[in-house]
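Q: Sequences and hints are given; from them, build the entire structure.
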Amino acid sequence: MGTAAQTTERERGTPYEGPLLDVRDLHVEFVTRDGVARAVNGVNYSVSAGETLAVLGESGSGKSVTAQAIMGILDMPPARIPRGEIRFRGQDMLKMSKEERRRIRGGRIAMIFQDALSSLNPVLSVGFQLGEMFRAHRGVSRKEAKDKAVELMDRVRIPAAKDRVNDYPHQFSGGMRQRIMIAMALALEPDLIIADEPTTALDVTVQAQVMDLLAELQAEFHMGLILITHDLGVVADVADKIAVMYAGRIVETAPVHDLYARPAHPYTRGLLDSIPRLDQKGQELYAIKGLPPNLLRIPTGCAFNPRCPRAQDICRAQVPELFPVTEDDGTPLEGRGSACFFWKETLHDR
Amino acid sequence: MTANGASALGAAMPEEVAFTQEVPRGEPILEIRDLVKYFPLTQGVLFRKQVGAVKAVDGVSFDLMQGETLGIVGESGCGKSTLAKVLMNLEQATGGSVRYKGEEISRLSGSALKAVRRNIQMVFQDPYTSLNPRMTVGDIIGEPFEIHPEVAPRGDRRKAVQDLLDVVGLNPEYINRYPHQFSGGQRQRIGIARGLALKPEIIICDEPVSALDVSVQAQVINLLEQLQGEFNLSYMFIAHDLSIVRHISDRVGVMYLGRMVEIGSDAEIYDHATHPYTQALLSAVPVPDPTARESRDRIVLTGDVPSPANPPSGCRFRTRCWKAQQRCEVEVPLLVAPSWLAGAASHDSACHFAAERESEQSAAERESEQSAAERENGQGGD
Amino acid sequence: MPDVHDEDSYQPHPKPGVSHLDYAGEQGMAVEQETLIEPDAEKREEARSLWGDAWRDLRRRPIFLISVLLIVLLVLMAIFPWAFTDANPRKADLVHDYLKRPDWTDFFGAGWFGYDAQGRSIYARVIYGARASITVGIVVTAGVTLLGGLTGMVAGYFGGAVDAVISRIIDIFFGIPLLLGALVLLNGFASRTVWAVVFALVVLGWTQIARVMRGAVLTVKQSDYVVAGRALGAGTGRLMLRHILPNAVAPVIVVATIALGGYIATEATLSFLGIGLQEPTISWGIDISSAQKVIRTAPYVMFFPAAALSITVLAFIMMGDAVRDALDPKLR
Numbered sequence: 001m002g003t004a005a006q007t008t009e010r011e012r013g014t015p016y017e018g019p020l021l022d023v024r025d026l027h028v029e030f031v032t033r034d035g036v037a038r039a040v041n042g043v044n045y046s047v048s049a050g051e052t053l054a055v056l057g058e059s060g061s062g063k064s065v066t067a068q069a070i071m072g073i074l075d076m077p078p079a080r081i082p083r084g085e086i087r088f089r090g091q092d093m094l095k096m097s098k099e100e101r102r103r104i105r106g107g108r109i110a111m112i113f114q115d116a117l118s119s120l121n122p123v124l125s126v127g128f129q130l131g132e133m134f135r136a137h138r139g140v141s142r143k144e145a146k147d148k149a150v151e152l153m154d155r156v157r158i159p160a161a162k163d164r165v166n167d168y169p170h171q172f173s174g175g176m177r178q179r180i181m182i183a184m185a186l187a188l189e190p191d192l193i194i195a196d197e198p199t200t201a202l203d204v205t206v207q208a209q210v211m212d213l214l215a216e217l218q219a220e221f222h223m224g225l226i227l228i229t230h231d232l233g234v235v236a237d238v239a240d241k242i243a244v245m246y247a248g249r250i251v252e253t254a255p256v257h258d259l260y261a262r263p264a265h266p267y268t269r270g271l272l273d274s275i276p277r278l279d280q281k282g283q284e285l286y287a288i289k290g291l292p293p294n295l296l297r298i299p300t301g302c303a304f305n306p307r308c309p310r311a312q313d314i315c316r317a318q319v320p321e322l323f324p325v326t327e328d329d330g331t332p333l334e335g336r337g338s339a340c341f342f343w344k345e346t347l348h349d350r
Numbered sequence: 001m002t003a004n005g006a007s008a009l010g011a012a013m014p015e016e017v018a019f020t021q022e023v024p025r026g027e028p029i030l031e032i033r034d035l036v037k038y039f040p041l042t043q044g045v046l047f048r049k050q051v052g053a054v055k056a057v058d059g060v061s062f063d064l065m066q067g068e069t070l071g072i073v074g075e076s077g078c079g080k081s082t083l084a085k086v087l088m089n090l091e092q093a094t095g096g097s098v099r100y101k102g103e104e105i106s107r108l109s110g111s112a113l114k115a116v117r118r119n120i121q122m123v124f125q126d127p128y129t130s131l132n133p134r135m136t137v138g139d140i141i142g143e144p145f146e147i148h149p150e151v152a153p154r155g156d157r158r159k160a161v162q163d164l165l166d167v168v169g170l171n172p173e174y175i176n177r178y179p180h181q182f183s184g185g186q187r188q189r190i191g192i193a194r195g196l197a198l199k200p201e202i203i204i205c206d207e208p209v210s211a212l213d214v215s216v217q218a219q220v221i222n223l224l225e226q227l228q229g230e231f232n233l234s235y236m237f238i239a240h241d242l243s244i245v246r247h248i249s250d251r252v253g254v255m256y257l258g259r260m261v262e263i264g265s266d267a268e269i270y271d272h273a274t275h276p277y278t279q280a281l282l283s284a285v286p287v288p289d290p291t292a293r294e295s296r297d298r299i300v301l302t303g304d305v306p307s308p309a310n311p312p313s314g315c316r317f318r319t320r321c322w323k324a325q326q327r328c329e330v331e332v333p334l335l336v337a338p339s340w341l342a343g344a345a346s347h348d349s350a351c352h353f354a355a356e357r358e359s360e361q362s363a364a365e366r367e368s369e370q371s372a373a374e375r376e377n378g379q380g381g382d
Numbered sequence: 001m002p003d004v005h006d007e008d009s010y011q012p013h014p015k016p017g018v019s020h021l022d023y024a025g026e027q028g029m030a031v032e033q034e035t036l037i038e039p040d041a042e043k044r045e046e047a048r049s050l051w052g053d054a055w056r057d058l059r060r061r062p063i064f065l066i067s068v069l070l071i072v073l074l075v076l077m078a079i080f081p082w083a084f085t086d087a088n089p090r091k092a093d094l095v096h097d098y099l100k101r102p103d104w105t106d107f108f109g110a111g112w113f114g115y116d117a118q119g120r121s122i123y124a125r126v127i128y129g130a131r132a133s134i135t136v137g138i139v140v141t142a143g144v145t146l147l148g149g150l151t152g153m154v155a156g157y158f159g160g161a162v163d164a165v166i167s168r169i170i171d172i173f174f175g176i177p178l179l180l181g182a183l184v185l186l187n188g189f190a191s192r193t194v195w196a197v198v199f200a201l202v203v204l205g206w207t208q209i210a211r212v213m214r215g216a217v218l219t220v221k222q223s224d225y226v227v228a229g230r231a232l233g234a235g236t237g238r239l240m241l242r243h244i245l246p247n248a249v250a251p252v253i254v255v256a257t258i259a260l261g262g263y264i265a266t267e268a269t270l271s272f273l274g275i276g277l278q279e280p281t282i283s284w285g286i287d288i289s290s291a292q293k294v295i296r297t298a299p300y301v302m303f304f305p306a307a308a309l310s311i312t313v314l315a316f317i318m319m320g321d322a323v324r325d326a327l328d329p330k331l332r
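Residue numbers (the numbering used here), protein chains in the order written: chain A, 1 to 350; chain B, 1 to 382; chain C, 1 to 332.
Hints were generated in silico from the structure; no laboratory data involved.
No residue lacks a Cβ here, since even glycine has one placed at the ideal position from N, Cα and C.
Keep in mind that a hint or two might mislead.
As the list claims (entries may be wrong) - Taking CB as the label site, the calculated pair distances span:
| hint | chain 1 | residue 1 | chain 2 | residue 2 | range |
| --- | --- | --- | --- | --- | --- |
| 1 | B | S76 | A | E144 | 35 to 41 Å |
| 2 | B | G59 | A | N121 | 36 to 42 Å |
| 3 | A | E334 | B | V300 | 29 to 35 Å |
| 4 | A | D163 | B | K323 | 25 to 31 Å |
| 5 | B | V51 | A | D163 | 23 to 29 Å |
| 6 | A | R102 | B | S76 | 34 to 40 Å |
| 7 | B | D166 | A | M76 | 42 to 48 Å |
| 8 | B | K323 | C | Q222 | 36 to 42 Å |
| 9 | C | R168 | B | S61 | 43 to 49 Å |
| 10 | B | V300 | C | Q222 | 32 to 38 Å |
| 11 | B | G52 | A | G90 | 55 to 61 Å |
| 12 | B | G52 | C | I169 | 30 to 36 Å |
| 13 | B | G52 | A | D147 | 33 to 39 Å |
A: Next up, the structure:
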C-alpha cells in the first residue's frame, strides 16, 4: 500500500496549470417507469485550487446530481451519462478505469454530505472510521491510524479529541458529527472538497461554526471547494463565484458580489427578491409564481419561461445559451454569464 | 379558572356558547402561564421506573393577542415544537395553565376539548407527511366537517371544500386527487385549507415553510398573511428562519432549552436584543449580502446545547454565555423588563446582565461614516 | 432549512403513492396563481392511489397473472368440483380399478390419472381435494388476519400496559411449535373436520399477523397526518379506521397472502401425519399419506395429489410475492 501513498505524492507534486476540476457539457438522465428524467442538461463549470464555487439551486435543479456524477457515486442504472466530460487536472474521469477513479475519489476529491448521522457507520467508533481512511489508502498501522484520527479530530476542533476518539457517532451532537465528516473528508488532504448542503441540517449558531471551519481549512490547505446549497445567506458568506442552476442547466454564473448586486437572470433576481427584507415588512413578499418544473416534462425553450415575468415568444421556442454578460459599452464582465435572452434588460432592472 | 371549571365543562355545558364571545383586537386570546411539559425517562420493560425527565418546556409564560402574529424562534431542542403540541392539546401539560378566552383548556377532554379544537388549529411542517396518502384532497379538507358536523351541513360540504381550495389558491376541481399528485407547496396549501375549515381563531404554524423550496416559501408566506387579514386569525408562527419570522411577526419570542429567554416586538428583538443568546442567534444568521461579509461581527458560541434532561442550574444559557457570572449559576433570571434599561431595550428579557449589544449594523455604519469623513478631510488613520 | 432532496424529483423506482414523477400536468398547474382553470393536459392522468398504482403494476406481471389464473381455477374446483369431473371420488371398485395406471386417452375422465389402492379415481380425488385445501387456506387466512389484525391494532394503538400484555401473549403463542401445538389442539376434537383444522391453525397462526400489524400501526401512529387528525378532534374510531388502518394494512396483506400457501401446506402436513383431516374428508394430504404404501409399485398415486398441492401452494406464494413487490418496491 506504500505505493499508493507515493503515487499520490508524486501526482500532487506535478504542477498543473488551469482549473482543478472542469465539468464540460455534462448530461445526466434517469430512466424511470414514467419516462426519462433529464436531471442535468449540459452543465459547465470549473473550480481552481483555493477557490470556492457555490452551486445554488432548488430541489430538482440538478445540483446534487452533478456532484454525484463528479464523485462517481450515481447508481447506474437508473442513471446514465449520455454526454459530457469531467476533467480532473485535465484528465477526463469518465474515461478512467474504475480503479483510477476510486483512487481519485476519497484521495483527491472528497465529499461532505448533508446528513452526517446516516453517512457514518453507527456501529463503529468515529476514531476507527477516521483511521480506516489511512489504513485503506495509506496502509498505516492500527496504532498510527488512531493517532492520526485524534490529530484530525483536534484539527476540526472537537474538544477532548483524545477521550472521544472511541465514541460512537450517536454520542456526538449534530454539529460535532458534521465536524467528523469534515475531518474524514480532510483525512487524505484532498485537492477538492464537494460539500452538499453541509450545514442545512444544523442550527444557525452551529452552522456558522461549521462554515467558518470549512472556509478556514480550505484556505489552509489551498483546496478547491464546491459548495452545493439552496441558502442564499450561506453562499453570500463564503463563495467566490456562483453558478445558479435551474432544471438541470446553469442559468447564471457570476462572482459573488456581482450576483447579489446585479443579477442578470430573472430566476436569480426572483430568488433574491423573495428574501424578506426589512423595508418590506407588512407588505407582500415577492414570489416567483408557479412551481419548479417536472424533470420528465421540462418546458420547451427556456425551462424557466412559464414562471418568468419577462418571457417572450423566443423564450418558449429556443433554449438560451449562457451568454457572456457585458456592460452597456461592451466591456466584458469577468466570469459573468446568463442564460437569458434578456440578460441586458434584467441587469438594468432595480 | 372560572366558575365552571374543567369538571363542569362536560356534556352539560353548551359548547357552542362557550367560546363565542369576541375578544377585542390586541387583547390576549391565549394566555400561557408557567407551562411545563416533562417527558419521563423510564427504564425497564415490564416494571418501568422513572429515572428522570426531559424538560422540554419548563415554565413558559406569554400571551397571544387577538389578530397578531407571534413568532417563536429557537434552535432544535429548545422546546418550541413541544410548546405547539401542548397548546394544541396533543400532549398533556405537566403543569401550568393555558387559557383560551379566560377558560383553562390544558386539562380538557371529551366534547369540551373538541369545542376548543374548533378554534385552535395547526399547520404542520412537513407537507409530505401531514396529509393522509390514502385520502383524496376532498376527504382531507372535508374531514373537519365530518368531525364537527355543526360547522357545515352535509349538503354544503362539497361546496365548502371547493371554496376552501379556492381560498388557498388551488383549483377547486382538484377535489378528487390524492396528495402525491401535488408538489410540496401545493400540499402545504392543502394543509392550510384543512386548518381553515373549522374557521378557527388561532392557527399554530409549526415551521410551515421550512420544508419548501425557496421560491415557493414566499408564496406560502404571502398566503398566510393574506388569510390572516381575511379571516381575522391570530398566528403563533414557530420557525428557525429568523428573516421569515421577522417578516411575518408582530412580536417575537426567543426560546432556549425549554425557557422563553426574551420576548418583545419584532423591532425590540431584532434591533434591540438584550439577551446574549438572542444576540448570538441573530449574529449567526447568514446574511444574503456578500458585502456584509467583512463587516460582520459574529458571536460564535462555544460548546453544544446542554441536554434538556439535565439542564444547568440558574440561567440555562450560562454554560455558553460570555457574560456568565457566579450569580447566573444560582439565580434563575426572570423574564421581565430589566429596570436598568430604557426605550426599546426595555422589554422582557431573562438575563441578569441584559444589555443591548452595540449592534453590528450601527457599528458598521459608524465605521463607514468615519472612513467617508476621513476621506473628505483628506487625512488618514486615527 | 431542510431541503427536500434533489433525488426526490426523479426517484428511479418511485414508491407508489409518493411518486413525485407523476404530478398530473405539473406544467399546467404551474400557472395556478394566475388562472385556476387548467388546460386538459392533465386529464389523461387519473387520480391514483396506492392500490391503483399497485394494480397497474400487477397487471403487467406475468407471474401474477399466471398465479391468479391458477387460483381462480382452484377456487372454482373447490366450489364446483362436479363441473370438472363426472366421477365420484368416493366410489371404490377394488375389483376392476385396483391401482389401474393412468389412461391418457381418457381426457377428464375417471381414469385419466389412474386409480388408487382402493380403486378410487385419482383425478376425481384431486379435484375434490381442492375444497379442503382452499377452504383451510382462505378461512385460516381470514381468521388470522381478523384476529391478529385486531389484536395488533389494539396493541399498537393503545400502547402502554395494553401493549405489554398483548405482546407477552403473542410471545407465548409464538413459542409453541406449530406441529406440537396442532397435535395437542386437534387431539381435543372428537372428529377432525376442516373446521377443527381451521381452528387449530388460526389459534397458532394469528401471532404472526399481530406482530406485523402492531409494528405497522406503531409507525403510522407517529405520522403527522394522524396527529393532524387528533388536532381536528377525531375520535379513536375515526383515527383507527380512516387514518391508521388504510396506511398500516399493506404489510399485513402481503404477509397474509404469502402465508396462505403455507397454511395449505401445513394442513396437508397435518393430514399426512394423521393428526389433521380424517376420512371421509377428501384431502390431498390424506391421499399422499395413504399413497406411501404403494409408492414403489404405483408412484402416480402419490404424484397427482402431491403435484396439485405443490402447484396450489406455489400459486399463492407467487401471488403474495407479486403483491408484496407491487405494494412495496423497497422490499425487493
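Q: To test your reading of the hints: which numbers does this structure violate?
A: Of the numbered hints, all hold.
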